[in-house]
Amino acid sequence: MMTRELIITSDVIDEPALITRRRMSRKMGAAVNFTGVVRDAEEGSMILALEYEAFERMARHQFELLFVEIEKRWPVESVRLVHRIGRIPVNETSLWVEVIAPHRGEAFAACQFLIDEMKRVVPIWKKAVPEENVRRR
Amino acid sequence: MMTRELIITSDVIDEPALITRRRMSRKMGAAVNFTGVVRDAEEGSMILALEYEAFERMARHQFELLFVEIEKRWPVESVRLVHRIGRIPVNETSLWVEVIAPHRGEAFAACQFLIDEMKRVVPIWKKAVPEENVRRR
Amino acid sequence: MIVTVLFHSYFKELTGTASVPEALPTGSTLGELHDRLMARFPKLVAMKNSTLLAVGLEYQPRSQMLREGDEVSLFPPVQGG
Amino acid sequence: MIVTVLFHSYFKELTGTASVPEALPTGSTLGELHDRLMARFPKLVAMKNSTLLAVGLEYQPRSQMLREGDEVSLFPPVQGG
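Protein chains in written order, with the working numbering: chain V, 38 to 174; chain D, 38 to 174; chain Y, 489 to 569; chain U, 489 to 569.
Some hints here could point you the wrong way.
What the hints assert, rightly or not - Capping the alpha-carbon separation at 20 Å, the derived lysine to aspartate or glutamate pairs in DMTMM-like fashion look like this: (1) 64(D) to 80(V); (2) 64(D) to 129(V); (3) 163(D) to 501(U); (4) 64(D) to 169(D); (5) 64(V) to 101(D); (6) 164(V) to 80(V); (7) 156(V) to 88(V); (8) 64(D) to 168(V).
Said to hold, decoys possible - Label pairs and their computed distance ranges (CB to CB): (9) 126(D) to 81(V): 49 to 55 Å; (10) 78(D) to 489(Y): 46 to 52 Å; (11) 169(D) to 504(U): 21 to 27 Å; (12) 565(U) to 169(V): 54 to 60 Å; (13) 519(Y) to 106(D): 50 to 56 Å.
Hint data in this document are derived by calculation from the structure and do not stem from the laboratory. Quick caveat, the model's predicted, so the values are computed rather than measured. Note that the Cβ used here is the ideal one computed from N, Cα and C, for glycine as well.
If we strip away everything but chain V, and leave its shape as in the complex, we get:
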């Protein structure tokens, strides 16, 4: 049974704390982590932040369908995914993913699958907060 943990939150993603909570059985040899960070430009324009919105009930269900698919395809022991929503300033983390598997090939494949599919089916949207929208200090 693959364990899964899904967090959709407006809090800052505390990656060291997430890493500290990692549990791997003695059969596992690989953990792949992905951290997605808000960049300072969106479609060529400078931004201050991205504002993320989720249709959370459906997002949770669609993530669960992806977890089921991962469990079918690869011998993954654990998947953890944290998506931050609300306003996320440039240089802060919007997405954190971890996949634990016996070997690195499976862990990399499952992690990339999860992110690719998330971007296709999980109802989360983002809106740029452009630089000129705020008063400069």
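Using the hints provided, position chains D, Y and U relative to the given structure of chain V.
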């Protein structure tokens, strides 16, 4: 200029501390981390630990050649790699890698390239410490 | 029959609402509901081909038959990550 | 000329040493050195085809010409990670 950090050490790899030290510019959107952990079996036999040995001068040089190749191929801002050597008990980390790039595709590709090539050219070897070699308590 | 329609992301701006009830003939399909909504909220027409349609928590094709009380969501392409 | 030979990993067990000097005719190649070492340390013969050869910090082909004072490394396939 891609920054690189290479640590070959017999100390325990402190992943939360490494994550805390991460620096990403505002142009970067993706960090991929790989953690390789010693599994409890090696070629079908139960083990207690792996004993890693490096020809360190050459290992450092060969890693640097791989970093140069990554810098040529992908717009990677930073690579960090820590390889622990000496006796590493089952369930502890032997390898930690981080690649930071603007987009996830580049970060995943460069991280996998680095690990695959390391396993081909970097002079590090491992020896199993089998279960029966130690007194049970 | 009556279904509840939810708009997400900038579809809320295009329609001016997050949720509306819509009355439909029994046996209507998701595609027929979408057509009615485009007539009622013309700004949705430009998004027609990229609009994603869900009933409850599942994506469904335009041919999906609707039932009394269904909760239908319309939204633009997703962009998580 | 004299070169220094380093054995790594279990090649140290196969040869009983981590390092030996080896005298060679001037103009000898890395492959010729490898042949001499297999004659001197017969347990290396079984590993012949998988042995990796480096001069200094670089991998080199068997055709590589050696020079006085070169440091040559012989080792089995690497296994980092």
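*Which of the listed hints are not met by the structure?*
4, 5 and 10
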